[in-house]
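Use the sequences and the hints to build the structure in full.
As they're listed, the protein sequences go chains C and B.
Per this note's numbering, the first sequence runs over residues 1 to 122.
Per this note's numbering, the second sequence runs over residues 123 to 229.
Hints should not be assumed to be uniformly reliable.
A few chain B residues facing chain C, derived, Cβ under 8 Å [said to hold, decoys possible]: (1) Y154; (2) L168; (3) Y209; (4) T216; (5) G222.
None of these hints come from the bench; they were simulated from the model.
None of these values were measured; they are calculated from a predicted model.
By construction, the Cβ of each residue, glycine as well, lies at the ideal position given by its N, Cα and C atoms.
Here is what each chain is made of, one letter per residue.
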Amino acid sequence: QVQLVQSGGEVKKPGASVKVSCEASGFTLTNYYLHWVRQAPGQGLEWMGVIDPTAGTTTYTQKFQARGAMTRDTSTSTVYFQLSSLRSEDTAVYFCARATDTSGWAVGFDLWGQGTMVTVSS
Amino acid sequence: DIQMTQSPSSLSASVGDRVTISCRASQSISTYLNWYQQKPGRAPKLLIYAASSVQSGVPSRFSGSGSGTDFTLIIRNLQPEDFASYYCQQSYNTPLTFGGGTKVEIK
Chain C
1 QVQLVQSGGE
11 VKKPGASVKV
21 SCEASGFTLT
31 NYYLHWVRQA
41 PGQGLEWMGV
51 IDPTAGTTTY
61 TQKFQARGAM
71 TRDTSTSTVY
81 FQLSSLRSED
91 TAVYFCARAT
101 DTSGWAVGFD
111 LWGQGTMVTV
121 SS
Chain B
123 DIQMTQSPSS
133 LSASVGDRVT
143 ISCRASQSIS
153 TYLNWYQQKP
163 GRAPKLLIYA
173 ASSVQSGVPS
183 RFSGSGSGTD
193 FTLIIRNLQP
203 EDFASYYCQQ
213 SYNTPLTFGG
223 GTKVEIK
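The following block contains the structure:
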């Protein structure tokens, strides 16, 4: 079955870090770019960045350039997103999503993980 | 960054209605425009890519049009399962950006 399965919800204190995983199954991870998108409660979608699982290269939106880190483990078909120095505004559902084709992002994201709720609270 | 502006932010409609949602880009993005549907507690679902191409498995009542800066998503013969939020996304360049969303509610 073609799917992306994410790790479970997390509760973190301000200043801590969180690492969310996204495991691909039913397809070859290295054939597609993987993106990360988040959604704060009751808000819209926010793109955070993308990783090329083959080369390991990443592109982040400026907002996450300093605090975000995307990595991959091709042996387990898993990509990771780590966000450090967490603050309350980072409370959101974090999604991984697969690019529809090998262009990387030109035609959107056709497969999404189920989402991981990250709550930042003291 | 390219700003994406959707309108309206919400609308009320009845089953069987024709619904139109607009999306405007702050600069020309050719046809690098995608539409997603999202239901509460669920991940978004790709409906339309490249402005007018319908994703496999998506009902034919969904259609998209536009190029440059102005785009439209049309839902014909609105069905009960179509009540959801809809987002446009530009994929012309990074950072990829989404519109603010349109919530389609039952009248």
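Comparing the hints with the structure gives:
1. Y154: Constraint on Y154/B satisfied, holds at 6 Å.
2. L168: holds (5 Å)
3. Y209: It holds, given that the least Cβ distance between Y209/B and chain C is near 6 Å, below 8 Å.
4. T216: holds (5 Å)
5. G222: OK, holds: G222/B within 8 Å of chain C, min 5 Å.
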